[in-house]
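Asker: Top line first, the protein sequences correspond to chains A and B. For what it's worth, the UniProt record's numbering labels the leading residue of the first sequence as 1, then goes sequentially. For what it's worth, the UniProt record's numbering labels the leading residue of the second sequence as 1, then goes sequentially.
It is possible that some hints are incorrect.
[To be verified] Once the Cα atoms are required to be at most 20 Å apart in a straight line, the calculated SDA-like pairs of lysine to any residue come out as: (1) K37/B <-> A15/A; (2) K37/B <-> L19/A; (3) K37/B <-> V59/A; (4) K37/B <-> E63/A.
[Unchecked claim] Looking from chain A toward chain B, a few residues come up when the C-beta cut is under 7 Å (computed): (5) L19; (6) D20; (7) G21; (8) C62; (9) V65; (10) T88; (11) Q89; (12) I93; (13) R94; (14) I100; (15) P103; (16) D105; (17) T109; (18) P111; (19) L114.
FYI, nobody ran anything at the bench for these hints, they're computed from the structure. Each residue gets a CB set at the ideal place from its N, CA and C atoms; glycine is no exception.
Here is how the chains run, residue by residue.
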Amino acid sequence: MARKLRADAPRVVTANRLLDGVVVYRTAAGTWSPHLARALVVGSDPAVEALLAVCERDVAGCEVVGLDVIEVRPDALAARGDGPRAITQREAIRATGPTIALPVDRPVTRPASLP
Amino acid sequence: MYQYDTHDQTLVDQRVAQFRDQVARRLSGALTEEQFKPLRLMNGLYLQLHAYMLRVAIPYGTLSAAQMRMLAQIARRYDRGYGHFTTRQNIQFNWITLAEAPDILADLSRVQMHALQTSGNCIRNVTSDPWAGVAPDEIEDPRITAEILRQWSTLHPEFSYLPRKFKIAITGAPSDRAAVRVHDIGLRMHRDDRGEAGYEVIVGGGLGRTPVIGKTIRPFVPKRHLLSYLEAIMRVYNSFGRRDNMYKARIKILVDAIGITEFRDLVEAEWTTLRETELDVAPETYAAIAAHFAPPAYEALTGTVAEAADGASDAVLARWIRANVAPHRVPGHGIVNVSLKGTDQPPGDATASQMDLLADLAEHYSHGEIRVTHEQNLVLPHVRLSDLPALWAALEAAGLGTPNVGLVSDIIACPGLDYCALANARSIPLAQALTRRFADMDRAQEIGELHINISGCINACAHHHVGHIGILGVDRHGEELYQVTLGGRSDEQAALGKVVGPAVPADRAVDLIAGFVDTYLAIRQPGERFIDTVARVGTTPFKETLHAAA
Ligand code: SF4
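For reference, chain A alone in the conformation it holds in the complex:
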């Protein structure tokens, strides 16, 4: 649930999709998107509370779990016009995935000596 965040901070609501755990963000259209850039940004406590109340319905409806509110970077909003961006490393990783190259299951050579 909502952490103690600055009352005037730009914030978005995030969760994990129940079915597969994928990180999602609440959009202005009332849907859940895996892209942070599409998230609806709210900037006041009452707006956050109202949004959370609506999102709780999707928790009850088994669409998402682990509802949370995170702060996002306002300068990205203003300067780039490309939607909110994460502030903390944790949220950046939630938004874009692991920072490492994931192992790739390349075929390996099976020695001819093996039966």
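Using the hints provided, position chain B with the ligand relative to the given structure of chain A.
Answerer: Relative to chain A, chain B with the ligand alone:
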């Protein structure tokens, strides 16, 4: 290897069916997340940063080739083509969907595997010496007792809701390769005056927020009475362990609070009601389980690992044998340690194709057996020395021939902030940066034995407190920093590392550790390992490195 009887198989199959029903009820809304979470955790299913993670138990780190093939198939079919071997000798799959989790458990049950008790406040998967049954210094194979403990602790009705999780490790050898002193209960095999094997019982060890080296509660418990003695410990813990504060709930806190003497008195009093009961393991029961762990039919051969290295036709092969192949109790054989710590490989990760190959190699060269180590490597325990060149060539071609076992680049690292919902900082990128810094294998061999352990938070899954060099990720106002300790060890002389200096950013941590290694090389005495030098001189000479790097 142990084979399930009908009871084991029925229990696991029933659990799969139960979980399938629980998942269906969760997806339909009949169960809330609050109701469902403890049920999924009982089946090893966590919700991590990006997806569900399934932790599969590998009892005492022993796998058959068929089981390894199934893990490969799961990685390929349900995950992203790889799995992560953990410091508790388990495997984790990082990209699981809730809907498919029951199918995975059903697949696992077909090869006598499951995810029971890999989470929750119960007795977790018992861990053991990865060289069990083949180490030259071993008294008896500890997996026989580990299997007895597995059967005793599986769904034990009294110990399914303990104050906190509970970890048991067991070794049958004087050299401790199972870190028994940093477990809730550690068991170390000895012989008594009459030559009978039994166990020293160590209690109250653990890492995490409050690291403690365990204390010996009884120097010798005969094998026959081990279960009743452990049951007595568990009862005392279950009665008096704190349930009001999860940070104070581990047995180490209880032992510390009342003192080992009073704790021992409580256990002994409880034991008087339990010993000589049905908890005693009859010799014939022990023998029946021991039969599952009978040594394979070794050929009568000669030769030592050292001779195999000296006689190797290729210098690179010789270097790999020296680093990765350990002496075996049977002449003409070696214990092959397969490094999962190649450059740029996340520590402990293996791809599905690598797992399949290892299964084939185990069948062909190692009597079908594989072990998982708490250092996040794999072991082929029964290899003929004459097969080493062919085996090495096959491993090398698959990216599994890194000759660094026990060396500076054989880094133990938890998943950290790249995957883990509890993390403060990333572990894997720092491990990879250090691996790159120490990529020169000739230099790594010159440096010699050195264990670096990196945990992404105070939960210490990578056992950083007992790394020769330990690294803990911390979060200071959103910045990832790394706190370094020196002088920890998890062997028979277990000790906790001491903090050296303030936490530093990742790039500084790499420089710092490189500086520690340089200091060691400059001041070591002949034959001294890194940990011996730290023990002799303390941390002061190393702290000077810290100041130089500042
Ligand atoms: S040590 Fe912390 S970050 Fe690392 S795996 Fe354990 S809980 Fe996660």
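Asker: Could you run down the list of hints and mark each one as holding or not?
Answerer: Results of checking the hints against the structure:
no. : hint            : result
1   : K37/B <-> A15/A : holds, 16 Å
2   : K37/B <-> L19/A : holds, 14 Å
3   : K37/B <-> V59/A : holds, 14 Å
4   : K37/B <-> E63/A : holds, 15 Å
5   : L19             : holds, 6 Å
6   : D20             : holds, 4 Å
7   : G21             : holds, 4 Å
8   : C62             : holds, 5 Å
9   : V65             : holds, 5 Å
10  : T88             : holds, 5 Å
11  : Q89             : holds, 6 Å
12  : I93             : holds, 6 Å
13  : R94             : holds, 5 Å
14  : I100            : holds, 5 Å
15  : P103            : holds, 4 Å
16  : D105            : holds, 3 Å
17  : T109            : holds, 5 Å
18  : P111            : holds, 5 Å
19  : L114            : holds, 5 Å
In the structure shown, no violation is registered for any of the earlier numbered hints.
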